[in-house]
Every structure is written in C-alpha cells, then in structure tokens.
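Asks: When you get a sec, could you build the whole thing from the sequences and use the hints?
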Amino acid sequence: MTALATPRISLRLAGFGEWIKEFVVGRRPPVELPTRVRQAIAADQRASEILVCFVQFGAIVTFGLLYALTPKAFPDTVPFEPIPWTLAVYTVFTAGRLWFALRDRLTPLVLSISVVVDIAVLMLTIWSFHLQYDAPAAIYLKAPTLMYAFILIVLRCMRFEVRYVVLAGLSASVGWLILVLYAVIETKGMQITHSYADY
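Its first residue numbered 0, the sequence shown is counted upward by one per residue in numbering that gives the first Met the number 0.
Hints listed in this document are in silico derivations from the structure and should not be mistaken for laboratory results.
Distance condition first, Cα-Cα at most 20 Å in a straight line; then the derived EDC-like pairs of lysine to aspartate or glutamate:
1) Lys-141 with Glu-185
2) Lys-20 with Glu-160
3) Lys-141 with Glu-80
Label-pair distances were calculated between CB atoms; the ranges are:
4) Val-173 with Glu-17: 27 to 33 Å
5) Ser-194 with Phe-92: 37 to 43 Å
6) Gly-63 with Arg-102: 22 to 28 Å
7) His-193 with Val-36: 49 to 55 Å
8) Tyr-132 with Gly-14: 54 to 60 Å
9) Phe-159 with Gly-95: 20 to 26 Å
10) Phe-15 with Tyr-66: 49 to 55 Å
11) Val-109 with Gly-14: 35 to 41 Å
12) Gly-95 with Arg-27: 32 to 38 Å
13) Glu-160 with Leu-68: 34 to 40 Å
14) Cys-156 with Ala-94: 18 to 24 Å
15) Ile-184 with Trp-18: 39 to 45 Å
16) Phe-62 with Glu-160: 23 to 29 Å
17) Leu-101 with His-193: 46 to 52 Å
These figures come from a predicted structure and were not determined experimentally.
Glycine included, every Cβ here is placed at the ideal spot set by N, Cα and C.
Replies: Okay, here's the thing in structure tokens:
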C-alpha cells in the first residue's frame, strides 16, 4: 500500500463517520433557526407533552380496570399488593407532570426526572412481584411486564430531542440490569441456564 493511499482511506473513514452521525442524530441545523420555526417547534413540543400525559392516564385507567376485573393468582393473605399503590403514586406523578405541561414549565431537568421516574416506577413494580407472590426474586425475570418499558421509550419519541429517548433507553437498561443482578444474588440455588427450554 502506498503512502498516498493511507490518507485517502482515513478520509473515507472520516466521511463515513460523519454520515453515520448525521444518520443517527440528523443534520446539524443552522446556528439560529428563524423565530417562526422555533415557535412552531415549541408549540408542537408542548402539545406532544400534553398528549403523552393523556396517554399515560389512559394506561393507568386501563391497567387499573384490568387489575380490578381479573382474578388474582396470589393468596388472599398476601400482606402487600404493589399494583394499586403503584398506580396511585403514578397517577399523582402524572397529574403533576400534566400541570407542568399545561403551564409550559417542563424544563429539561423536569423532563429528565420524569423519564427516570417513569422507568423507576415500572422497575420497582416488577421487583415487587416476588414479594407479592412470596417467591424467589427470579420469578420476575419471566414477567412480560418489562415490555411496558418499550412503551415508555416510544412516548419519548414524541419530542424532537433524541436525548430523552436515549435517557429512557439507558434508564430501562440500567434498571433491568439491577433487577437481574438482584435476582441472581438473592435467589439461593438459582441456576443460570443457556437452554431456552429449561428457562
């Protein structure tokens, strides 16, 4: 390989890196967007956040009705039922978030806290399953409730800022990793298997 070919390859790799970056986060906008465009984006963001709150309220009502109407698989003597408590706390939190959204007070800090709290409430609910069923912590690793994390991540796509989507994804990943580590440490005699059939 000649000395001239090496700079050409590095230039191509640099160009490919820029293309990947542009594909993932989009083209860098002009330094200053026109006022009309900024106002339109801000109005759309506000409307999106209000819509997110109503979607969350819809989910709370749906899950509350399903929980109330379905037969319970745990004994009547169970000392703690996490779902009603979780839904109550999450209702209050979502109402506060809606109040902030309606008054256009959702700062980046409030939005970030909201994203983390959404995921944390879900992960704490999943974690509490083994207390409710008086079973080893490994029981919650099979719970399909984790799929709700993807709904929370998708809701963050309602904004034009990728950082909240990334924050939701990272929060869910860290939360699930903590739950897995807790289950492995807490569950005595649990075998880690690579066989799907055994799992």
